[in-house]
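Participant: Numbering of the first sequence is given in full-length UniProt numbering, commencing with residue 1 and proceeding in unit increments.
Hints are computed from structural coordinates only; laboratory data are not their basis.
Watch out, some of these pointers could steer you wrong.
[Unchecked claim] Using C-beta positions, here's what the derived DEER-type ranges look like:
1. T317 x A78: 23 to 29 Å
2. A205 x G107: 32 to 38 Å
3. T336 x P236: 37 to 43 Å
4. R319 x A205: 53 to 59 Å
5. K328 x K5: 55 to 61 Å
[Said to hold, decoys possible] In the DSS-like style, the derived pairs of lysine-lysine whose C-alpha atoms are separated by at most 30 Å in a straight line are:
6. K235 x K216
7. K340 x K235
8. K340 x K232
Note that the Cβ used here is the ideal one computed from N, Cα and C, for glycine as well.
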Amino acid sequence: MRDGKAEAAALLSWYDSHARVMPWRVGPAERAAGIRPDPYRVWLSEVMLQQTTVAAVRDYFRRFTGRWPDVGALAAAADAEVMAEWAGLGYYARARNLLKCARVVAGDLGGDFPDTPDGLRALPGIGPYTAAAIAAIAFDRPATVVDGNVERVVARLDRVEAPMPGSKPELARLAARLTPEARPGDFAQAMMDLGATICTPRNPACALCPLEGFCKARGAGVQGDLPRKSAKPPKPTRRGYTYVARRDDGAWLLEERPARGLLGGMLGWPGSDWAEAPDPAPPAEAEWRPAGEVRHTFTHFHLILTVLAARLPADATPRRGTLVPGPKFSPGALPTVMRKAHDAARALVEN
DNA sequence: AAACCGTGGAC
DNA sequence: TGTCCAAGGTT
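All chains, full assembly: derive it from the sequences and hints.
Facilitator: This is the structure:
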């Protein structure tokens with residue numbers, strides 16, 4: 001069994017000249033000079049990056065830190081403001097847990113994030129990956145970070161042929177063996193940069209890889225086939241009706257979704273259940289006009305939404321929803337599927 | 001522990 | 001077009 005020291009040294013050397021630049025990151029040169037990243041920014045970026053690409057996160061990170069520059073400011077924010085700012089980024093439980101976590105840190109921990117994986121792991125929305133990432137990156141603790149990039153890199157390095165997710169514990173062990181005692185924060189980010197730019201899922205750029213000489217999969221020519229993954233079940237298609245209504249004074253009929261479940265806590269248009277054969281469920285008496293169909297794919301099903309639009313008289317009394325004044329409504333505060341419905345209905349309800 | 005939970009880009 | 005995938009966590 002190797003101890004991984006040579007691999008770690010080669011990777012860190014590569015990172016010193018190839019580290020990606022990101023708004024939340026302290027680069028290897030600054031870090032060598034003793035500069036540490038702000039734990040608040042590391043935490044915020046790590047939560048945003050859960051199952052989400054760097055490209056998608058950049059602007060959200062800038063807006064959040066511009067508006068809430070520290071954990072105290074975020075903790076004091078109104079729930080609806082945070083959910084609206086998160087709209088479009090997906091996995092909305094992250095935003096709800098983000099606020100819970102900020103309030104624990106600001107309220108119970110004096111504004112300081114824990115600096116150990118166990119302490120971090122106890123906070124809402126922080127699991128094994130994020131706890132290790134914050135401990136390593138923000139506090140330079142020797143924690144092993146295991147995300148999809150790391151799993152792919154070590155699966156190839158050690159030619160692990162067993163399929164995911166069953167092989168995850170084995171891949172985590174292999175990753176831990178690679179982690180050096182020095183520069184754990186840089187090492188964690190180096191592994192992720194390598195996975196994102198060189199050791200990519202398809203067509204890895206092995207000729208540019210600092211670990212090529214160590215890589216068992218490369219040696220056998222099977223790097224493109226690893227890590228293997230068990231087949232995913234097909235996505236069923238569900239249907240639904242959604243109702244975009246605007247009162248004559250310009251107010252929109254909206255509804256806050258239940259706090260848990262799909263799009264939990266987000267603003268949306270009232271509508272039917274999403275099922276194989278849903279019943280229509282108009283939220284008010286009105287002349288509903290067809291505004292087309294919206295197609296959208298969620299994590300585990302396809303959705304075909306029939307959009308109905310109507311104008312409501314000034315004295316209308318809807319059965320459901322809340323009338324939001326026109327100037328207070330922004331489609332940007334809606335999750336994407338609801339914004340699509342707004343786009344489809346807009347022309348029919350404009351003033 | 002298997003299911004649930006978003007979105008956009010690449011191919 | 002459809003499928004895969006991305007710095008996963010919670011229940």
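Participant: Decide, hint by hint, whether the structure agrees.
Facilitator: Hint check:
1. T317 x A78: 23 to 29 Å: Holds, since T317 and A78 (Cβ atoms, about 27 Å apart) stay within the stated range.
2. A205 x G107: 32 to 38 Å: violated (47 Å)
3. T336 x P236: 37 to 43 Å: This hint is violated: roughly 20 Å between Cβ atoms.
4. R319 x A205: 53 to 59 Å: With a Cβ separation near 58 Å, R319 and A205 satisfy 53 to 59 Å, so the hint holds.
5. K328 x K5: 55 to 61 Å: holds (59 Å)
6. K235 x K216: violated (35 Å)
7. K340 x K235: Holds, because 21 Å separates the two Cα atoms, which is no more than 30 Å.
8. K340 x K232: holds (27 Å)
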